[in-house]
Each structure stands twice: as structure tokens, then as C-alpha cells.
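Visitor: Chain by chain, the residues:
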Amino acid sequence: MEQDIKLLKGNEAVAEAAIRCGCDGYFGYPITPQSEIMETLMQLEPWKTTGMVVLQAESEVAAINMVYGGAGCGKRVMTSSSSPGMSLKQEGLSYMAGADLPGLVVSVMRGGPGLGTIQSSQADYFQTVKGGGHGDYKMITLAPASVQEMADFTVLGFELAFKYNIVSVVLADGIIGQMMEKVQLPPYQKRLTNDEIREKYPWATLGKPANRKPNVITSLELDSALMEQRNLNLQKKYKEIEKNEVRYEEIACEDAEYLLVAFGSSARICQKTVELAREKGIKLGLFRPITLFPFPTNEIYAYTNTVKAILTVELNAGQMVEDVRLAVNGTIPVEHYGRMGGIVPTAEEILEVTEKLIAK
Amino acid sequence: MKQEIIIAGFGGQGVLSMGKILAYSSLLEGKEVSWFPSYGPEQRGGTANVTVIVSDNRISSPILNTFDVAIILNQQSLNKFESKVKPGGILIYDGYGISKEPTRTDIFIYRINAMDTSIAMNAAKSFNMIILGGLLKVLPFVNIESIMQGLKNSLPERHHHMLPTNEAAIRKGMEIIEKI
Numbered sequence: 004m005e006q007d008i009k010l011l012k013g014n015e016a017v018a019e020a021a022i023r024c025g026c027d028g029y030f031g032y033p034i035t036p037q038s039e040i041m042e043t044l045m046q047l048e049p050w051k052t053t054g055m056v057v058l059q060a061e062s063e064v065a066a067i068n069m070v071y072g073g074a075g076c077g078k079r080v081m082t083s084s085s086s087p088g089m090s091l092k093q094e095g096l097s098y099m100a101g102a103d104l105p106g107l108v109v110s111v112m113r114g115g116p117g118l119g120t121i122q123s124s125q126a127d128y129f130q131t132v133k134g135g136g137h138g139d140y141k142m143i144t145l146a147p148a149s150v151q152e153m154a155d156f157t158v159l160g161f162e163l164a165f166k167y168n169i170v171s172v173v174l175a176d177g178i179i180g181q182m183m184e185k186v187q188l189p190p191y192q193k194r195l196t197n198d199e200i201r202e203k204y205p206w207a208t209l210g211k212p213a214n215r216k217p218n219v220i221t222s223l224e225l226d227s228a229l230m231e232q233r234n235l236n237l238q239k240k241y242k243e244i245e246k247n248e249v250r251y252e253e254i255a256c257e258d259a260e261y262l263l264v265a266f267g268s269s270a271r272i273c274q275k276t277v278e279l280a281r282e283k284g285i286k287l288g289l290f291r292p293i294t295l296f297p298f299p300t301n302e303i304y305a306y307t308n309t310v311k312a313i314l315t316v317e318l319n320a321g322q323m324v325e326d327v328r329l330a331v332n333g334t335i336p337v338e339h340y341g342r343m344g345g346i347v348p349t350a351e352e353i354l355e356v357t358e359k360l361i362a363k
Numbered sequence: 037m038k039q040e041i042i043i044a045g046f047g048g049q050g051v052l053s054m055g056k057i058l059a060y061s062s063l064l065e066g067k068e069v070s071w072f073p074s075y076g077p078e079q080r081g082g083t084a085n086v087t088v089i090v091s092d093n094r095i096s097s098p099i100l101n102t103f104d105v106a107i108i109l110n111q112q113s114l115n116k117f118e119s120k121v122k123p124g125g126i127l128i129y130d131g132y133g134i135s136k137e138p139t140r141t142d143i144f145i146y147r148i149n150a151m152d153t154s155i156a157m158n159a160a161k162s163f164n165m166i167i168l169g170g171l172l173k174v175l176p177f178v179n180i181e182s183i184m185q186g187l188k189n190s191l192p193e194r195h196h197h198m199l200p201t202n203e204a205a206i207r208k209g210m211e212i213i214e215k216i
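Same order as they appear, the protein sequences are chains A and B.
Counting from 4, one number per residue, gives the positions in the first sequence under my numbering.
Counting from 37, one number per residue, gives the positions in the second sequence under my numbering.
Note that these hints are calculated values from the structure, not bench results.
Warning: the hint list may mix true and false statements.
To be verified - Result set (DMTMM-like, lysine to aspartate or glutamate): computed pairs, CA atoms no more than 25 Å apart in a straight line:
no., chain 1, residue 1, chain 2, residue 2
1, A, K133, A, D326
2, B, K38, A, E278
3, B, K120, A, D326
4, B, K120, A, D139
5, A, K51, B, E137
6, B, K116, B, D92
7, A, K283, B, D92
8, A, K246, A, E302
9, B, K120, A, D103
10, A, K239, A, D103
11, B, K122, A, E278
12, A, K246, A, E42
13, B, K38, A, E252
14, B, K120, A, E252
Keep in mind that this is a model prediction, so the values were computed, not measured.
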């Protein structure tokens, strides 16, 4: 295991973890700040070892549709992109949701709107959590705050995707993608054979044996009654995910009078803010949602008895703050602090804003 | 133990790779490390910088506003980061091309003429290793053995014949760094 501890960029860790967890195929198109995912895969040449396919598609739209096709065959397939590229993938993601297909998407956010900037941002929270494509659908959204979690959530993302037949998104940002940290890589898992896939996933379109009806994978259903039933089934699945899969981390929350709520890279900076606040005797804690869908609504609400106010810190104009406000349901004040366009707030700056909130 | 370090200079000076070697060799000694680069257009001839944190404990923010140590390799970076060194901290700078010397009196300032020395040694590519040697002399928080092991592990084998040159550069840096 010793040699499995490495110093890697978040993006590189995704590539290493994908190969190790038995991924069958990666389809992508380069864009900063996540290009190292495909670059690392191309360097590691997994087609020579595990048999994993790595393909640079002609566009982001092609890549997500290759994922749609691979997923339809019950394969562990993935893509990755950054904000403008993720916008292009939304149609494919909606189709995959409509067809109940599993898949993994790594979205490394940069500043928008438009081509924006290659610097870090968290402005695609709405796009990912609220459904950037059309229709009533959700994707499991995991928000890594370290290089270790980039590796871990690649594995977990696939597991959850196949547990619920849903798309999992690892929603990172430029900071988490570009920084290097110590990472313990996951153990190797074998890729499933076609026979194993047929047995585990009877819906997969891997060739029709004589003894069953053809499998049809489609998101189209022109009979409204049946289409409503499909929607009800999806909603039932999302409810179950909300019940089972909420993940979060609490730092210095036991005696906290004030709470920061932040995810991903913002949570790392806020952790420093908590350290600075504690040195000054301010009882500040940090609540870090790890799953953004399902959102830790009840877990945040539980703090409304002990905490006087909440400040959300995001690299955007205020997106997750809406879900925090829904969680506390008006019981305590919730304010937002955000920087945009690739500007990252300092821990000291966040402490200043927190102190102003406390003085109110 | 915790060291919060910024290394800043021109793209192409080996700023990022020096930070990586520092982080990797500290990792080999069992430390927690983080390495956060400026990325993007800076790398095409503009300024480049990297924040390296080495700690016994879990690291909170990989992005910092103030530093224990600033390693400065050009005038723009000196202008930008001199004020960001914590009082009592360390500023190491390469004298080449510096027209306005650092002026703070509440920090420890060291000068290392690594650019001139690397040219004199006919080893311009070892410039960043000379700087690294200077840092290790002033602040020996990682062993030179770990640095060499780190270099060996991270360099492809075809470059391993360069290891003695790099070690010589590190030792030269230890010799020539001077306190201002």
C-alpha cells in the first residue's frame, strides 16, 4: 500500500482512481482547469492494462452521448469537463436521467457566465443541483474538498450511480482540480465482464438472448399516463436517495454559536477562518455539505436551536445559500458572502464578514 | 511544525517544480502537504507562483494571504509579496534583476545570487535547486536525503544522471546564501 500514497493534483487523482475502480471508459474533450484528467489517463494508457477505453471525442456533446451509449450497455463510463463544456452536456444528462442510466461526470468549475475565466468558481451549483437540463430530474452531487476526496468520490460516485441507476456528479472547482496533496489511492477492482454485467444489470443492452424480450433504453414515452408514472418512479428514487445518502462534515460545531456553511474549496478556506476565530475566542463552527444533492437539510435545521446565525461562503453570487435558507426555514438569519470571477476570498476576509454578522 | 511558503518568479524559472520537490520530499518524511499553483496564462512568460504548506497536522486552507517564508525570484514578485511575510518570517530573494531591494526590518531577509551562480556553474537549469539549497540552509525543516530521494522518485530514469548536478547545486546554494 506504501506505493499507493502519492502527491497528486486533484485532476490526476480522478484519473488514477477511475482506472483502479474498474472504469470501462472515459470520453472527454479538453478544457481548463480539468484537462489533466484526460492527459493523465492518456499517459497511464489503461487500455494496455485494465482494458479501459480513453477517447478524446470531437466535442463535449459527443462525449456525453458516448457516455449515454456506454451506460446503456451497463458499462462503468465517465466524462469530465468544466463550466462552458458542462453547459453543452446538459441535454445528454437529461436524457440519461430520463432513461434511468448510471454514469459519472466530473465537473471542475471555472468562472462564468460564458467563456468567463479559467480561474476557480462555484457558480455551477444551480446547474448541477437544480438540473441544468430540462425536466424534473436530479443527479447525486458529491463536493470534494481535498485531493483525497477527488479519488474517493470517483469511486463512490460510480458505486452510487449503479446503486440507484442515476448520474453522479463530482462537483469540484479549479482549486481542488489544480492543487496537489497527499492521496492514498483506492485498491484495484476488476472491470466486469459482459457476462457479469448481463447478470448484475439485466436492463443492459448487451445483446438479446433468445429467452427474453428486447431491452429498450429510451427517455421517450408519448403516453402521458406512462410518462407521469416514469416521473413518479424517478421522484420515488430521489426520495430514497435523500433518505440514505446524505453526507456532511462538521468542524468545531459542538459548542458553536455561529456557523459557516461552505462546500468544496470554500470549505477549506472557511476551516482556516474557524481556526482564526477560535484564536480570538469566537465560537465559530463549519458545516460542510459533502452531498449537495441530497442536501443535508435536516442536519442543518438541527443547529437552529443552538446557533444564532449562519453565514454561507461560496465562490458565487449566492446559490447554495437558498438551500440553507430552506433548511432553517426562517428560524435564524442566514447571510451569504461570495466572490466571483475567479477571485478567492482570504480566511481573514471571511472572518471580518463573520464579525460584522455577529455585531448585528 | 507548520511552514507556509510562497515561491514566486517568472514562468520557466522552475518555481512550480521547486515547490513540488519541497512538497514531495516533506511527504516522504510523513508530513501533511499542499501545493497550490497559479495556473493559466501566467505560465506563458508572465509571473508564476506556488503556495506550499508543510505541516504535522491536517492543512486547512491551501490558499493563504500571509506567509512564514517568501522565496522571491523577480522584482514584480518582490513588490507583490514582501508585505505578505508574517512579522518574524523569512524572505529569500535572488539578487538578479532586482532594482529595488526589500526594506522591511521586522523580518529576516536573505539574498542568494542563484542566477549568476547557476550560469557560472554552467548549470542554468539547476537555478531552482540552488535556491532550494539556500532555503534548506536557513530553514532545515526537510533533510537533503529526502530531497534527493524525492528527486529520484519523481524524475524519469533517463534524467537520473542529472541527480549529482542537482545535489551539487543544492549544496552550492547552502554555501552562497547570505543574511542581509
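Visitor: Now, for every hint given, state plainly whether the structure supports it.
Guide: Okay, the hints, checked on the actual structure:
Restraint check: the Cα-Cα separation between K133/A and D326/A comes to about 10 Å, which is no more than 25 Å; the hinted pair holds. Proposed proximity of K38/B and E278/A is supported: the alpha carbons are some 14 Å apart, at most 25 Å. Under the criterion of a C-alpha separation no larger than 25 Å, the hint pairing K120/B with D326/A is inconsistent with the structure, at around 37 Å. This hinted pair does not check out: K120/B and D139/A have alpha carbons roughly 49 Å apart, beyond 25 Å.
Using a Cα cut-off of 25 Å, the hinted pair K51/A and E137/B is violated, with the two alpha carbons roughly 55 Å apart. Between the alpha carbons of K116/B and D92/B the distance comes to roughly 29 Å, so the proposed pair goes past 25 Å and is violated. Of the supplied pair hints, the one linking K283/A and D92/B holds, its CA atoms being roughly 23 Å apart against a limit of 25 Å. For the hint linking K246/A to E302/A, the alpha-carbon distance of about 12 Å falls within 25 Å, and the restraint holds.
Proposed proximity of K120/B and D103/A is contradicted: the alpha carbons are some 52 Å apart, above 25 Å. Straight-line distance between C-alpha atoms of K239/A and D103/A comes to about 13 Å, which keeps the hinted pair within the 25 Å bound. This hinted pair checks out: K122/B and E278/A have alpha carbons roughly 17 Å apart, not beyond 25 Å. For the given pair, K246/A sits about 37 Å from E42/A by alpha-carbon distance, which is inconsistent with the 25 Å threshold.
A distance of roughly 24 Å separates the Cα atoms of K38/B and E252/A; the hinted pair therefore holds under the 25 Å criterion. Of the supplied pair hints, the one linking K120/B and E252/A is violated, its CA atoms being roughly 31 Å apart against a limit of 25 Å.
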